[in-house]
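Protein sequences appear in the order of chains A and B.
Residue numbers for the first sequence follow the working numbering, so the first one is 1 and each next one is one higher.
Residue numbers for the second sequence follow the working numbering, so the first one is 1 and each next one is one higher.
Treat each hint with caution, since some may be false.
Same chains, same names: a pair is fine if it fits in one copy or spans any two.
[As the list claims (entries may be wrong)] Calculated cross-link-like contacts (lysine to any residue; reagent style SDA-like; alpha-carbon spacing at most 25 angstroms):
#1 Lys92 <-> Glu5
#2 Lys92 <-> Arg57
#3 Lys92 <-> Asp142
#4 Lys92 <-> Val22
#5 Lys92 <-> Val18
#6 Lys92 <-> Arg137
#7 Lys92 <-> Ala138
#8 Lys92 <-> Leu17
#9 Lys92 <-> Asp20
#10 Lys92 <-> Met1
#11 Lys92 <-> Ile183
#12 Lys92 <-> Ala148
#13 Lys92 <-> Asp152
#14 Lys92 <-> Asp21
#15 Lys92 <-> Val27
#16 Lys92 <-> Arg7
The set of hints was computed from the structure by calculation and includes no laboratory data.
None of these values were measured; they are calculated from a predicted model.
Number of protein chains: 2
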Amino acid sequence: MTLPEYRLRLPGWIDDLVPDDVVLPDVDDRMRFVVSLARRNVAEDTGGPFGAAIFERDSGRLVAPGVNRVVPARSATAHAEIVAISLAGQVKGTFDLSAGTATELVTSVEPCAMCLGAVPWSGVAAVVCGARDEDARAVGFDEGDKPADWIDSLAARGIDVVRDVMRADAAAVLQDYAAAGGIIYNGKSMPDA
Amino acid sequence: MTLPEYRLRLPGWIDDLVPDDVVLPDVDDRMRFVVSLARRNVAEDTGGPFGAAIFERDSGRLVAPGVNRVVPARSATAHAEIVAISLAGQVKGTFDLSAGTATELVTSVEPCAMCLGAVPWSGVAAVVCGARDEDARAVGFDEGDKPADWIDSLAARGIDVVRDVMRADAAAVLQDYAAAGGIIYNGKSMPDA
Chain A
1 MTLPEYRLRL PGWIDDLVPD DVVLPDVDDR MRFVVSLARR NVAEDTGGPF GAAIFERDSG
61 RLVAPGVNRV VPARSATAHA EIVAISLAGQ VKGTFDLSAG TATELVTSVE PCAMCLGAVP
121 WSGVAAVVCG ARDEDARAVG FDEGDKPADW IDSLAARGID VVRDVMRADA AAVLQDYAAA
181 GGIIYNGKSM PDA
Chain B
1 MTLPEYRLRL PGWIDDLVPD DVVLPDVDDR MRFVVSLARR NVAEDTGGPF GAAIFERDSG
61 RLVAPGVNRV VPARSATAHA EIVAISLAGQ VKGTFDLSAG TATELVTSVE PCAMCLGAVP
121 WSGVAAVVCG ARDEDARAVG FDEGDKPADW IDSLAARGID VVRDVMRADA AAVLQDYAAA
181 GGIIYNGKSM PDA
């Protein structure tokens, strides 16, 4: 059986937009960066309204960005966080994003159940979130069922969670996407927007 | 910034092992197939002791297989289920695995928190599991925190769950892997085996 590859590539505009060496010591600047990715992803029609990135935690050096690619990549798994984690693994040369230097996941929206589940496996030391889960649900995305105490659950593994960083700006990307008729790519069993 | 691609390919032995058209009407045969992928994946040293596949639910026609590729693919997200879902999307030409014909995910071990979260997004109508979550934890894999009522949660979305199909055979692959010193690729924050 000859099987297709799954090639996960970022849109070409990211290569153009992002300089070779991005260093953002301030957490607000990191969030501003991933929200800008989310917004541009919608404007360019290259995926859903979500952006994420893996940064070196202390220095703020960008390891890898990610944007939602579910529809163009034809994969339900191509959420911004999964993309950023997978690409960061290619940059670091290992699945373990704690290797060498501690890293953190910065995401324009709190992770859905899938992306939340990816966090401990990835080795990141922290998750920094913009919009809340309910902001994504409000425009129709079914984020799945997460443990009610998911923040404590990550804390118990030594993973810090920071919420509501530029929440309004991040949520506005979701709202603008929905208002413009963007695809709400829930699975068949999930509610439509 | 020039970013690497993330190319998710199955090991070459799968192309050789799997005929062009696989049709397995019986659920035990579907599980036997994914358990054989898990076992071979370990024997060939091409990833962890997990196999999965997307099948057309009624006919039993194979859409796409998957095996764990975390270590060789350098991605914490390359679990067998994520691989199968992503490749099935390439075969079907859409992220929505319910398109055209209902499909199901057959997995040698109950999905971890990440893969469980992927299930509703994928559009599969059912999940068929071999070994239990606790069989994976018993050899050291930290499967993450899932909602206690995850089966009800999927059922509420119209997704059926079938458990314990050839559980002993599927669990034996895990035990043999661990006994042979296979890598337990938990994130840094997760407990080692």
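Cross-check of the supplied hints:
Proximity of Lys92 to Glu5 under the C-alpha cut-off of 25 angstroms is found in both arrangements, the shortest distances being 22 angstroms within a copy and 13 angstroms between copies. In the homo-oligomer, the alpha carbons of Lys92 and Arg57 lie at most 25 angstroms apart inside one protomer (14 angstroms), although the nearest pairing across protomers, at 39 angstroms, exceeds that limit. Taking the shortest alpha-carbon separations for Lys92 and Asp142, only the inter-copy value of 22 angstroms comes in at or below 25 angstroms, while the best intra-copy value is 32 angstroms. Taking the shortest Cα distances, Lys92 and Val22 sit within 25 angstroms of each other inside one copy (16 angstroms), while across copies they are farther apart (37 angstroms).
Only within a single protomer do Lys92 and Val18 lie at most 25 angstroms apart by alpha-carbon distance; the minimum there is 18 angstroms, versus 33 angstroms between protomers. Proximity of Lys92 to Arg137 under the C-alpha cut-off of 25 angstroms is found in neither arrangement, the shortest distances being 33 angstroms within a copy and 27 angstroms between copies. In this assembly of identical chains, the alpha carbons of Lys92 and Ala138 never lie at most 25 angstroms apart, being 36 angstroms within a copy and 30 angstroms across copies at closest. Taking the closest pair of Cα atoms, Lys92 and Leu17 come within 25 angstroms of each other only inside a single copy of the chain (21 angstroms); across copies the shortest separation is 32 angstroms, beyond that limit.
In this homomeric assembly, Lys92 and Asp20 come within 25 angstroms of each other (Cα to Cα) only inside a single copy, at 15 angstroms, whereas the closest approach across copies is 36 angstroms. For the identical chains of this complex, Lys92 and Met1 are inter-copy neighbours only, at 15 angstroms across copies versus 32 angstroms inside a copy, given an alpha-carbon limit of 25 angstroms. For a Cα distance limit of 25 angstroms, the shortest separation of Lys92 from Ile183 across copies, 18 angstroms, qualifies, whereas the shortest one inside one copy, 33 angstroms, does not. Taking the closest pair of Cα atoms, Lys92 and Ala148 never come within 25 angstroms of each other, the shortest separation being 32 angstroms inside a single copy and 35 angstroms across copies.
In the homo-oligomer, the alpha carbons of Lys92 and Asp152 never lie at most 25 angstroms apart, since the shortest distance is 28 angstroms inside one protomer and 39 angstroms across protomers. In this assembly of identical chains, the alpha carbons of Lys92 and Asp21 lie at most 25 angstroms apart only when taken from the same copy (15 angstroms versus 38 angstroms across copies). Only within a single protomer do Lys92 and Val27 lie at most 25 angstroms apart by alpha-carbon distance; the minimum there is 22 angstroms, versus 40 angstroms between protomers. Proximity of Lys92 to Arg7 under the C-alpha cut-off of 25 angstroms is found in both arrangements, the shortest distances being 18 angstroms within a copy and 15 angstroms between copies.
Hints 6, 7, 12 and 13 from the list above are not met by this structure, while the remaining hints are.
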